[in-house]
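**Student:** So the protein sequences, as listed, match chains Z and H.
For the first sequence, the residue numbers in the working numbering are 1 to 372.
For the second sequence, the residue numbers in the working numbering are 1 to 552.
No wet-lab data here; the hints were simulated from the structure.
A portion of the hints provided could be inaccurate.
[Said to hold, decoys possible] Computed cross-link-like contacts, DSBU-like style, restricted to lysine-lysine with a CA-CA straight-line distance of at most 35 angstroms:
(1) Z:248 - H:90
(2) H:53 - Z:178
(3) H:311 - H:166
(4) Z:338 - H:50
(5) Z:178 - H:412
(6) H:53 - Z:248
(7) H:22 - H:459
(8) H:311 - Z:338
(9) H:50 - Z:184
(10) Z:178 - H:303
(11) H:303 - Z:184
(12) Z:248 - H:166
(13) Z:225 - H:405
(14) H:166 - H:308
(15) H:117 - H:348
(16) H:53 - Z:336
(17) Z:178 - Z:225
(18) H:483 - Z:247
(19) Z:178 - H:166
(20) H:50 - Z:247
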Amino acid sequence: MRRSSPRMTIRYRGINAYMCGMRPQDILMPVPAGLCCKPGGFHIDPVRPVERALITHGHSDHARPGHGAVLATQETLDMMRLRYGENFAGSVQGVAYGEEIRLGDVTVSFHPAGHVLGSAQVSVTCKDTRIVASGDYKDARDPTCAPFELVPCDVFITEATFGLPVFRHGDAAGEVNKLLASAKLFPERAHLVGAYSLGKAQRVIALLREAGYDAPIYLHGAMEKITYYYQERGIALGELRPVRGMKKAELAGTITLAPPSATSDVWTRRFPDPVTAFASGWMRVRARARQGGVELPLVISDHADWDGLTATIVATGAGEIWVTHGQEDALVHWCKTKGLAARPLDLVGYGDEDEGETAATGDAPPDGEAKA
Amino acid sequence: MNRFAELLDRLAYEPGRNNKIKLLVGYFRETEDPDRGYALAALTGALSFKHAKPGLIRDLITERADPVLFSYSYDYVGDLSETVALMWPKAELPPGHNNPPPPTLTDVVTTLRTLGKAELPAQLARWLDELDETGRWALLKLVTGAMRIGISARLAKTAAAALGDKDPHEIELMWPGLSPPYLDLFAWLEGRGDKPVNSDPTPFRPVMLAHAIEDADFANLDAADFSAEWKWDGIRVQAVAGRDARGHIQARLYSRTGEDITGSFPDLVPSLHLPGAIDGELLVLRDGRVQTFNVLQQRLNRKVVSPKLIKEFPIHLRAYDLLGDDENDLRELPFTERRAHLEAFVAKLSDPRIDLSPTVPFASWEQLAAARADPKSAGAGDDADAVEGVMLKRRDAPYLPGRPKGPWWKWKRDPHIIDAVLMYAQRGHGKRSSYYSDYTFGVWTRGEAGGDELVPVGKAYFGFTDEELLQIDRFVRRNTTEKFGPVRHVVHEPDQGLVLEVAFEGLQRSPRHKSGVAMRFPRISRLRWDKPPREADRLETLERMLISMTGS
Chain Z
1 MRRSSPRMTI RYRGINAYMC GMRPQDILMP VPAGLCCKPG GFHIDPVRPV
51 ERALITHGHS DHARPGHGAV LATQETLDMM RLRYGENFAG SVQGVAYGEE
101 IRLGDVTVSF HPAGHVLGSA QVSVTCKDTR IVASGDYKDA RDPTCAPFEL
151 VPCDVFITEA TFGLPVFRHG DAAGEVNKLL ASAKLFPERA HLVGAYSLGK
201 AQRVIALLRE AGYDAPIYLH GAMEKITYYY QERGIALGEL RPVRGMKKAE
251 LAGTITLAPP SATSDVWTRR FPDPVTAFAS GWMRVRARAR QGGVELPLVI
301 SDHADWDGLT ATIVATGAGE IWVTHGQEDA LVHWCKTKGL AARPLDLVGY
351 GDEDEGETAA TGDAPPDGEA KA
Chain H
1 MNRFAELLDR LAYEPGRNNK IKLLVGYFRE TEDPDRGYAL AALTGALSFK
51 HAKPGLIRDL ITERADPVLF SYSYDYVGDL SETVALMWPK AELPPGHNNP
101 PPPTLTDVVT TLRTLGKAEL PAQLARWLDE LDETGRWALL KLVTGAMRIG
151 ISARLAKTAA AALGDKDPHE IELMWPGLSP PYLDLFAWLE GRGDKPVNSD
201 PTPFRPVMLA HAIEDADFAN LDAADFSAEW KWDGIRVQAV AGRDARGHIQ
251 ARLYSRTGED ITGSFPDLVP SLHLPGAIDG ELLVLRDGRV QTFNVLQQRL
301 NRKVVSPKLI KEFPIHLRAY DLLGDDENDL RELPFTERRA HLEAFVAKLS
351 DPRIDLSPTV PFASWEQLAA ARADPKSAGA GDDADAVEGV MLKRRDAPYL
401 PGRPKGPWWK WKRDPHIIDA VLMYAQRGHG KRSSYYSDYT FGVWTRGEAG
451 GDELVPVGKA YFGFTDEELL QIDRFVRRNT TEKFGPVRHV VHEPDQGLVL
501 EVAFEGLQRS PRHKSGVAMR FPRISRLRWD KPPREADRLE TLERMLISMT
551 GS
């Protein structure tokens, strides 16, 4: 385990943390299974089966099956059930945003992370020290989930998926307008939008509706369950239709949402001369977009961009920042230039959403149609 | 600038030619003068200003961003202009700033024309402050002169023509007489003005091309109707000379697509001293002998032509046809009459760098087949190696633009063929993006460990039928042993794998390839499902072919 350097000895809320014998790394520390809270007897988003797990959100690299007890928001629990079946954990407990729960020597609470429906930051308080594990988060507007809530804390654990200053996502509505302009320019072609099936797809649909697009939107088989779940939770997505069984000619001028892996699959042969779009923060970088054979990159992300990460870090008031999955080095460097103690947290098993999605055991090829 | 940037951005990702044209037409329709004219100029390479050096761009960003963060970012993005465009900090507006609109393309182009070198960094920084990410990217691509978005000048002109439902050839014809921002051109295209008159003394004339002849075609053709000549393995050009307003001779050399390539061949210009337009083949001649295409290649795509290059690779024009003789347009005349004009014209030029492509006499298709099989004894002599085949031209045919079926045929020599083993497959682009359609193939050679192993010798992505593509795609998917990103490693063992018959036009030595040889125009000519990989060809076979082709 990495030990923190002497210069990281700092004062928490006026009390020297050492005086009460509790350093932040005694409260939460990275272990092979994930982020472990010894005094509370649980792990956050463990990558291996554990006795008690706190899950921040439903993406498959964070929410895995096989734990003894799971504490998460109701939406996250529902999504895990959709993906892994009824028996995905020994026992489950739903928690509301803001509700405080005592676990061992610590108090935990869940706060909106703005990442996807039901996503939460987990606040862990032990004596006078509060650590917030943000999970994945974004501070940008999203009509399909509760907005990110700022939780002041002593130690902030931030993701760094887009932790380079080249990542600035801009306005998602503008990106959706790009898609609509293309659909207007090429009415004889189908538009195929690659988007992760949990969160991104529903956000793109909601943004299309906000932009005034009221035609039916088509779904790849892998999108259906989770998207209908969003609708059940009261998120207005307009008329949705499965693309399955549609004739090629009928798909001219339509928009279809599909998992990214499907957009270069034999599955696409059912569409008339498809324009391949991909909604992702990675689309900001051309080489990355071209690599995937994307013709219409849409910069729409579930994660905070560079400006979002740095603004959030400052706003939490935390004196110490732990940085995980993504471009840790650059963000740690930035924190240090701002006089904040910072270190990378060596957690493994969390990819960006790319890997998360393809590794998802629950996202089996839809209806056998992904593989020919 | 932002509208132009959006266009470039979209074009950079669009693989389909027709879709690119559609995007361009949409832009030309919606964008006002003179912006769209400068865009057309940028896309056709018709803008001229001093380009900014990468060092200048790097200096601008290091003044504004943490150098460590810049280097992490540059490592990740891999392109300087793009990195800077993305990480350029939001400008802090000074008090009283009235938030001016971002610069238009016209602002940028006209400012750059007159801007002094010392003023460039500050001006660039101001523009970068005012533009969004895509706008900054396009600006930096424009000012560094490195657009590289897969648009040829020809394609941009074709799109402009489509705006007014005109034939692109018409634009090619008038193009040399036009200049940015092309107000007269757009007025004509939109039906608001007269057709611009080409006052250019050396216009390009759209080229006539031939169809490949098939065995079955001969049954319907009468040998007496045709004239034959060698098809030389050089590059097809049009050499045009004319008198400018002051009566001086101007000369230009065009590629068959109408790109002006005069700058690469200054040594040919003095030879074009009579007004006229020659359709011919550009070759390198040493001591009167035609060199192979490999040798000619040293002269192609050169921006700077050194005296040494000119001396070592002496350029030559072999004339096939005459399209204009002084003021007279000869294109409507039958081939035999044009040929008579050409012979007289070449004789009058009397220049060692320009000669006549000889005709090949024949009375029957059998005689011509024999000549094609053995050009050396049929008149090509020592130059036989530079003969690609024969051209057939109807004696009564006028010179028509494009590739009309019937008047001209090309009858190439049989290509070289080897059997190679499929090693790797990669997804195609555009319509083919769901198919594994790019194939790397190899032949056997003695490995370092002593046993035989396959060494890649080339890549091919055409030659097969749609049905064959489906078959190979299926084979690739079922026989993948490893995946590296978009590339699949396909099984290639002595007894397991797919043998591809590969046809190609030539070979040359290449230190860049592990095998040491590179093929010209490789394509898949047949799938050899019947052949086990162990029976595929060996590298030694290619080595022997190489020696017989180049003598080295």
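**Student:** Hints first: check each against the structure and report whether it holds.
**Tutor:** Going down the list of hints, with the structure as the test:
1. A threshold of 35 angstroms between alpha carbons decides the hint, and for residue 248 (chain Z) with residue 90 (chain H) the separation of about 46 angstroms lies outside it, so the pair is violated.
2. For the suggested pair residue 53 (chain H) and residue 178 (chain Z), the alpha carbons sit about 32 angstroms apart, so the restraint of at most 35 angstroms is met.
3. Under the criterion of a C-alpha separation no larger than 35 angstroms, the hint pairing residue 311 (chain H) with residue 166 (chain H) is inconsistent with the structure, at around 44 angstroms.
4. With a CA separation close to 40 angstroms, the supplied pair residue 338 (chain Z) and residue 50 (chain H) exceeds the 35 angstroms bound.
5. A distance of roughly 48 angstroms separates the Cα atoms of residue 178 (chain Z) and residue 412 (chain H); the hinted pair therefore is violated under the 35 angstroms criterion.
6. Using a Cα cut-off of 35 angstroms, the hinted pair residue 53 (chain H) and residue 248 (chain Z) is violated, with the two alpha carbons roughly 50 angstroms apart.
7. For the hint pairing residue 22 (chain H) with residue 459 (chain H), the CA-to-CA distance comes to about 31 angstroms; that is within 35 angstroms, so the pair holds.
8. For the hint linking residue 311 (chain H) to residue 338 (chain Z), the alpha-carbon distance of about 63 angstroms lies beyond 35 angstroms, and the restraint is violated.
9. At roughly 38 angstroms between alpha-carbon atoms, residue 50 (chain H) and residue 184 (chain Z) are farther apart than 35 angstroms, so this suggested pair is violated.
10. A distance of roughly 38 angstroms separates the Cα atoms of residue 178 (chain Z) and residue 303 (chain H); the hinted pair therefore is violated under the 35 angstroms criterion.
11. A hinted pair counts as satisfied when its Cα atoms are at most 35 angstroms apart, and residue 303 (chain H) with residue 184 (chain Z) does not qualify at roughly 42 angstroms.
12. For the hint pairing residue 248 (chain Z) with residue 166 (chain H), the CA-to-CA distance comes to about 33 angstroms; that is within 35 angstroms, so the pair holds.
13. Proximity of residue 225 (chain Z) to residue 405 (chain H) is assessed by CA-CA distance (about 56 angstroms); at most 35 angstroms being required, the pair is judged violated.
14. The straight-line distance between the Cα atoms of residue 166 (chain H) and residue 308 (chain H) is roughly 44 angstroms, outside the 35 angstroms bound, and the hint therefore fails.
15. Proximity of residue 117 (chain H) to residue 348 (chain H) is assessed by CA-CA distance (about 49 angstroms); at most 35 angstroms being required, the pair is judged violated.
16. Annotation: proposed proximity of residue 53 (chain H) to residue 336 (chain Z) holds, straight-line Cα distance about 33 angstroms (limit 35 angstroms).
17. Between residue 178 (chain Z) and residue 225 (chain Z) the CA atoms are separated by roughly 27 angstroms; this keeps the pair inside 35 angstroms, and the hint holds.
18. Straight-line distance between C-alpha atoms of residue 483 (chain H) and residue 247 (chain Z) comes to about 33 angstroms, which keeps the hinted pair within the 35 angstroms bound.
19. Between residue 178 (chain Z) and residue 166 (chain H) the CA atoms are separated by roughly 29 angstroms; this keeps the pair inside 35 angstroms, and the hint holds.
20. The suggested pairing of residue 50 (chain H) with residue 247 (chain Z) is violated, with an alpha-carbon distance near 54 angstroms, which exceeds 35 angstroms.
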